[in-house]
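Chemist: Chains as they are written, first to last, in our numbering: chain D, 1 to 280; chain S, 281 to 558.
A portion of the hints provided could be inaccurate.
EDC-like mimics (lysine to aspartate or glutamate), calculated; alpha carbons at most 16 Å apart, straight line [unchecked claim]:
(1) S:K520 to S:D322
(2) D:K118 to S:D322
(3) D:K88 to S:E295
To be clear, the hints were calculated from the coordinates, so they are not data collected in a lab.
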Amino acid sequence: MFVGPALLFFSLIVLAPFLMSFYYSLTVWNGVTARVDWAGLNNFRQIFLEDSAFRDSFWFTARYTLAAVVLANAVGFGLALLLTQPLKTRNWLRTLFFLPNVIAGLLLGFIWSFIFVKGFAAVGKWTGIGFFELPWLGTSATAFWGMVIVSVWQMSGYLMVIYIAAILNMPRDYVEAARIDGAGRFQLLGRIVIPLVMPAFTVCLFLALSWSFKVFDLNLSLTKGGPFGSTESVALNIYKEAFQNNRYGLGTAKSLIFFVIVAALTSLQVMYTKRKEVEV
Amino acid sequence: MEQAPRYTARLFALELAAVLIALLFIVPFYFVLVNSVKSFGDLMRNAAGWPEAFRLDNYTRVWNIMQYPRAFLNSLIVTVLSNAGLVVVSSMAAYRILRRPSRFNRALFVLFVAAMVIPFQSIMIPLVKVASEIGLMDSRLGLTVCYFGFGVSLNLFLYHGFMKSIPLEIEESAVVDGCTPYGVFWKIVFPLLKPMTITALLLNSLWIWNDFLLPSLVLHDAGVRTIPLQTFSFFGQYTKQWDLALAGLVLGVAPMTLFFLLMQKHIIAGISAGAVKG
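Pulled out of the complex, with its shape left as it was, chain D reads as follows (with noise of 0.2 Å):
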C-alpha cells in the first residue's frame, strides 16, 4: 500500500468535494439544514442575469491582477538585476526583500491596514507631500491601489529569488561572447538575458497571476472589499456569498465559474510563455 493512503486523503478532501460542488450548484441549500432542493440551472441564471456585485469582484480581480502582476515582476526581476551585482551587502538584502513572504498575507494586510491609515497621515503632516495625506483605504481607488502596493511588497522578493537563481544560472559563454563583441548593458539585457531567463518568466508570471487572481487573505484583513464593495475580489465575493448570506448553492455556482477561469487562464498563461522560451 504506497499509493493508498495518498489517494485517500486527496479523494476524500479535494476530489469528492470538487465533484459535489457539481451537484450543489444546481441546487438551493442554506448549509445548515438537511435540505437540499434542485433549482436546475436557476443559479447559473441568476449570476450571470442579476448579480451584479459578482461581476463587479471580477472586474475588479482583472484590475487588481494586471497591475500586480505587472508591477511584482517588474520589481522583482529589477532587485534580481540589482543583487547579483558584486554588492557587498547583497546577500543581507536578499533576505530582507524575501521576508513579507514568510508572513501570513492576513497579518500583512492588517500591518498596512495600520501604515496606511496611521502610519501615512504622520508621514504626510511631517514632509508634507500630498501622496501620503490622500484619504488611504477610504476611496475605491486608494483602495485598489493600496491593495496593489501591498501585494507588489510581498511578491516581488519571491519572484526575487526566482529571477537571481535564473540569472545565474545563465551560460557564462552567451554572456562573455556578447560582451566580447562589444554589446552595451541594455543590448545585453534585452538580446542575451532576457531571453536566457525566460523559463524564469513563465514560472513567475504564472505564481504571480495564480495568486493574485485568487487573493482572499490580503483582501479580508486589509480592505474587507470596501469602501462600498469596491475591492471585493472573487474570492471573497464566493466567501460572503456561501459563509455570511449562507447561499450555500448559489456560492457553489460561483465557484464554479471561478475555476473555470482560474484553470484556463494558467493553462493560456503557461502556453503562451513556453512559446516564447529559448531553448539552449
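Let chain D serve as the given structure and place chain S on it in line with the hints.
Modeler: Chain S only, in chain D's frame:
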C-alpha cells in the same frame, strides 16, 4: 573562473541605491514595532516618531487576551503533524508511481498534478459538509487530515521530479539481498530523498503555519484556534485600539520571522530549486 570584479564607483552607487530601497521596503516593520510599545495617547499624537516611553505591558496584556501560548501550541501541532504525514504519504506514493508506471499509476499522477489548478474556493463549500460528516470539525487532527489532502499533490509532484535522478541499481541490489519493498524504500530510497524532504517541509510549513481560510472553516472553538485565527478574532475586537492590536500583530508575525531567519539559506535554496525545475 573570472577574476573578482573591482569595487568601482558605479558599484558603490548601486550599493547605496539598493540599501536605500531596502530601507524604504522595511519601513512598515519599523512603524509596527515602534508603535507597539507606545501608550495609546503617544501613538495617536505621533505615529512616526520614537516612543516617549517603552511600555511592554501592551505585550503582556495581549499575551493573555490572545491566550498566545495555546494558539502557538495549536499552530505547532497542526504544522508538525501535517508535515510528518505529508512527507510519508507523498514520498511513498511518488516512489510507487515512478517505479511502477502502470497505466493506472500514470493516470493517477496526472490526476494529482491536474488537481493543483483547482482553486481552494471551488472545493471549500462542499468540503465543510464532508468534514462535518466524517468528524473533522473543531479538531486539530481533523484540520491535519485536510492538509494531507490539499498538500499531497504538490509534495508528490516535488518528490516525483526529484526521484528521477536516483539510480535504480542501488535498489536492485537491495532486492537481491532479500529486502522487502518497505525496507528498500525506508532504508535506502528515503534517506536519499533528504534534500527534497527538507524543501517540502519548509514549503509546507510556510503554507500551513500562515494559512487562514481553511482553519477558519474547520476550527471554530476558541480552544483549538491557530495563531492566524486568534489574531483575526483579536483584531476584530480591538480594531481601533492600535496599541494592543500592533502588539498582537508583532506576536503573530514573530515565530515565522524567527524561523525564516534561522532557516533562510534552505528556504531560499528550496524556492530557487523548485522554480527552476517547475
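Chemist: Now tell me if each hint is right for this structure.
Modeler: Tested hints:
For the hint linking S:K520 to S:D322, the alpha-carbon distance of about 14 Å falls within 16 Å, and the restraint holds. At most 16 Å may separate the alpha-carbon atoms for a hinted pair to count; D:K118 and S:D322 meet this at roughly 12 Å. This hinted pair checks out: D:K88 and S:E295 have alpha carbons roughly 8 Å apart, not beyond 16 Å.
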